[in-house]
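Listed below, chain by chain, are the residues.
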Amino acid sequence: MRIIVCIKQVPDTAEVRINPETGTLIREGVPGIINPLDLHAIEAGLYIKEKTGGKVTVISMGPPQAESALRDAIAMGADEAVLISDKAFAGSDTWATAYALSMAIKKIGADIIICGKQAIDGDTAQVGPETAEFLNIPHISYVRKIEHIDKDTIRVQRLMDEGYDVIESPFPVLFTVIKELNEPRLPSLKGKMAAKKAVIQKWNAADIGASEDNIGIKGSPTRVKNVFTPQARTDRKMLEGTPEQQVEALIQELRGLKCL
Amino acid sequence: MSVKVNIEKCNGCEECIKSCPFDAIELKEGKAFINEYCQMCMTCLSVCPEGAIYEETEGKQTKNQQTSEYKGVWIFAEQRDGKVAQVAYELLGIGRTLANDLNTELSAVLLGASENEAQELIKWGADKIYHVKSDIFNTFNDEPYSKILIRLILMHKPEIFLSGATPIGRSFIPRVAARIKTGLTADCTSLKIDKETGNLLQIRPAFGGNIMATIICPDKRPQMATVRPRVMKPGNYDSNRKGEIINVPCDNLSSRTKVIETVKESSGCFVNLQEADIIVSGGRGLGDPKGFKLIQELAELLGGAVGSSRAAVDEGWIPYRHQVGQTGKTVCPKIYIACGISGAVQHLVGMQSSDIIIAINKNPDAPIFNVASYGIVGDLYEILPLLIKKIKEEKGI
Numbered sequence: 001m002r003i004i005v006c007i008k009q010v011p012d013t014a015e016v017r018i019n020p021e022t023g024t025l026i027r028e029g030v031p032g033i034i035n036p037l038d039l040h041a042i043e044a045g046l047y048i049k050e051k052t053g054g055k056v057t058v059i060s061m062g063p064p065q066a067e068s069a070l071r072d073a074i075a076m077g078a079d080e081a082v083l084i085s086d087k088a089f090a091g092s093d094t095w096a097t098a099y100a101l102s103m104a105i106k107k108i109g110a111d112i113i114i115c116g117k118q119a120i121d122g123d124t125a126q127v128g129p130e131t132a133e134f135l136n137i138p139h140i141s142y143v144r145k146i147e148h149i150d151k152d153t154i155r156v157q158r159l160m161d162e163g164y165d166v167i168e169s170p171f172p173v174l175f176t177v178i179k180e181l182n183e184p185r186l187p188s189l190k191g192k193m194a195a196k197k198a199v200i201q202k203w204n205a206a207d208i209g210a211s212e213d214n215i216g217i218k219g220s221p222t223r224v225k226n227v228f229t230p231q232a233r234t235d236r237k238m239l240e241g242t243p244e245q246q247v248e249a250l251i252q253e254l255r256g257l258k259c260l
Numbered sequence: 001m002s003v004k005v006n007i008e009k010c011n012g013c014e015e016c017i018k019s020c021p022f023d024a025i026e027l028k029e030g031k032a033f034i035n036e037y038c039q040m041c042m043t044c045l046s047v048c049p050e051g052a053i054y055e056e057t058e059g060k061q062t063k064n065q066q067t068s069e070y071k072g073v074w075i076f077a078e079q080r081d082g083k084v085a086q087v088a089y090e091l092l093g094i095g096r097t098l099a100n101d102l103n104t105e106l107s108a109v110l111l112g113a114s115e116n117e118a119q120e121l122i123k124w125g126a127d128k129i130y131h132v133k134s135d136i137f138n139t140f141n142d143e144p145y146s147k148i149l150i151r152l153i154l155m156h157k158p159e160i161f162l163s164g165a166t167p168i169g170r171s172f173i174p175r176v177a178a179r180i181k182t183g184l185t186a187d188c189t190s191l192k193i194d195k196e197t198g199n200l201l202q203i204r205p206a207f208g209g210n211i212m213a214t215i216i217c218p219d220k221r222p223q224m225a226t227v228r229p230r231v232m233k234p235g236n237y238d239s240n241r242k243g244e245i246i247n248v249p250c251d252n253l254s255s256r257t258k259v260i261e262t263v264k265e266s267s268g269c270f271v272n273l274q275e276a277d278i279i280v281s282g283g284r285g286l287g288d289p290k291g292f293k294l295i296q297e298l299a300e301l302l303g304g305a306v307g308s309s310r311a312a313v314d315e316g317w318i319p320y321r322h323q324v325g326q327t328g329k330t331v332c333p334k335i336y337i338a339c340g341i342s343g344a345v346q347h348l349v350g351m352q353s354s355d356i357i358i359a360i361n362k363n364p365d366a367p368i369f370n371v372a373s374y375g376i377v378g379d380l381y382e383i384l385p386l387l388i389k390k391i392k393e394e395k396g397i
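Those protein sequences? They're chains A and B, same order as listed. Using this note's numbering, the first residue of the first sequence is number 1, and each one after it goes up by one. Using this note's numbering, the first residue of the second sequence is number 1, and each one after it goes up by one.
Heads up, some of the hints might be wrong.
[Claimed, not checked] Covered stretches of chain A (in silico footprint by chain B; criterion: 3 or more residues with CB under 8 Å from a CB of chain B, positions within the stretch not fixed): (1) 42-52; (2) 57-63.
[Said to hold, decoys possible] Simulated restraints on C-beta separations: (3) K55(A) - D219(B): 22 to 30 Å; (4) K145(A) - G303(B): 40 to 48 Å; (5) M155(B) - L189(A): 55 to 63 Å; (6) K157(B) - E212(A): 22 to 30 Å; (7) N252(B) - D152(A): 19 to 27 Å; (8) E315(B) - D12(A): 39 to 47 Å; (9) K87(A) - P319(B): 38 to 46 Å; (10) Y237(B) - K55(A): 54 to 62 Å.
These are computed hints drawn from the structure, not numbers from a lab. Glycine residues also receive a C-beta, built at the ideal position from the N, C-alpha and C atoms.
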């Protein structure tokens, strides 16, 4: 089974501090980590490899620093990693990102492509399904359990609002995973050694045959017009006194809000 | 612009015929032939193993020619078990406003469900319903959903297309945008028309709501967005409103994925987190899975849903579907009651856009108080029973 896991390097929010005056995140000096849901995607790739045999290739599109995220993936047990990096990709929205990823995936060749449901910085959850459409293959979102996998089909549970669906698909297929699917393994000592030594392949736009009309700002249908900080909450009221008094005060407030 | 076949390369394998959503390719003398039904969706280009199909451009069209062909505001009326979801009425509300601002029509796409549901959409504000009646839409499946929608959009060319940012919308709408080659903005919380350019200003939170971004899609149409449920107000209901229902045929909607089974899961008090007006959430401070009994009792009393922090899910006290935060759900109810939740950034980003936040925590320095509208420093095992008792008195239970 040829397995490709797509990952993104994001700022570590556990290290992010909020500027109390502006309410914005202070991102300077914050280390990059593998997007948390992508760890579950890597784990899923390794799990499938253990079940069916094959190879796990981890790919990431991003700046040169994203190489460290790929090394972390190798430390977890991935076989190889490719960094898709080119100044020409700068400013790519989800459409242009999905296009570039699909071109790289076509070059590598895959039976299964796994992505985290969404990244914690953009929160769009769009790149996975868009990539599947560019590859003209089916996709399954929000996978929470792999029920069965053999050489011809995969059967998974997709989490929905009111329950779950059991979905079966032939290969190739792309799926996006949620946290419930598995517990990502920690890097082994052997893995860490491998990560140190690993040669990370680096591909630019020409290497993946990407048309310049479809990447970067030029290839992105959407533009960020402006960015602003939502108004910070200034209406906080601490309810003091004995528990009875606190609850009474809260009831008063709730009454005022017409919730009772 | 047109799609052409290089006859010399074509070996008549028929892969493109199977892939075409429009029945626009036939086999003539052993070679693929593209007929007048072609909508230039370019699906065949990517499936042809020989690379025999190509796009021929006859000089670039100017931006205005391209975008001005597109007219009207469309919304996707999601249905579950044959009932139109609440979010569809909210989309009709904002859709009506946008359509009025642009002086154009408001249409809804309904896949599956009955004629009666289509009529309801008209009463809630739609001028036109594209209704595709077929059992294949009863259960959600990405491929048939996206194929029919791609077909409708390419044929009718709306300038704006909105869907709910629900599990269904966020799964299949990206496929549609990718195919049509247009922009899609995820999880918008505000939409308006830029008076100068006529572009749709799509405002959405990023980084868990710490930053807001205005996104535009200036040169491609339709301008597509998914819209966060419960943020927009439903339109005005008028039982006398008249509109047109267009029955759309749906042939050849094959799917590689199969939905084998749909399982409903309920965990006691079941209200959908993302559609709830009130959420009562518990965290590590509960100290014990039994704490969720109190949380649930309060939630039921208030007609709300039960949420939790990641810590409580990791402890195994409550299923993952209740988790609010970065690796769980993003919610914005009218009232969010956080009990025994300290308020790590990862939790805050999932709930801080709630209208009113009530925090109950033993530790006066807990970061949850920084985002709270009302804070109670105290033991939740003292506060919650008192609160439940008081609310019961209020309600006369």
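Status of the hints after comparison with the structure:
| no. | hint | result |
| --- | --- | --- |
| 1 | 42-52 | violated (count 0) |
| 2 | 57-63 | violated (count 0) |
| 3 | K55(A) - D219(B): 22 to 30 Å | 40 Å, violated |
| 4 | K145(A) - G303(B): 40 to 48 Å | 31 Å, violated |
| 5 | M155(B) - L189(A): 55 to 63 Å | 59 Å, holds |
| 6 | K157(B) - E212(A): 22 to 30 Å | 27 Å, holds |
| 7 | N252(B) - D152(A): 19 to 27 Å | 24 Å, holds |
| 8 | E315(B) - D12(A): 39 to 47 Å | 23 Å, violated |
| 9 | K87(A) - P319(B): 38 to 46 Å | 45 Å, holds |
| 10 | Y237(B) - K55(A): 54 to 62 Å | 57 Å, holds |
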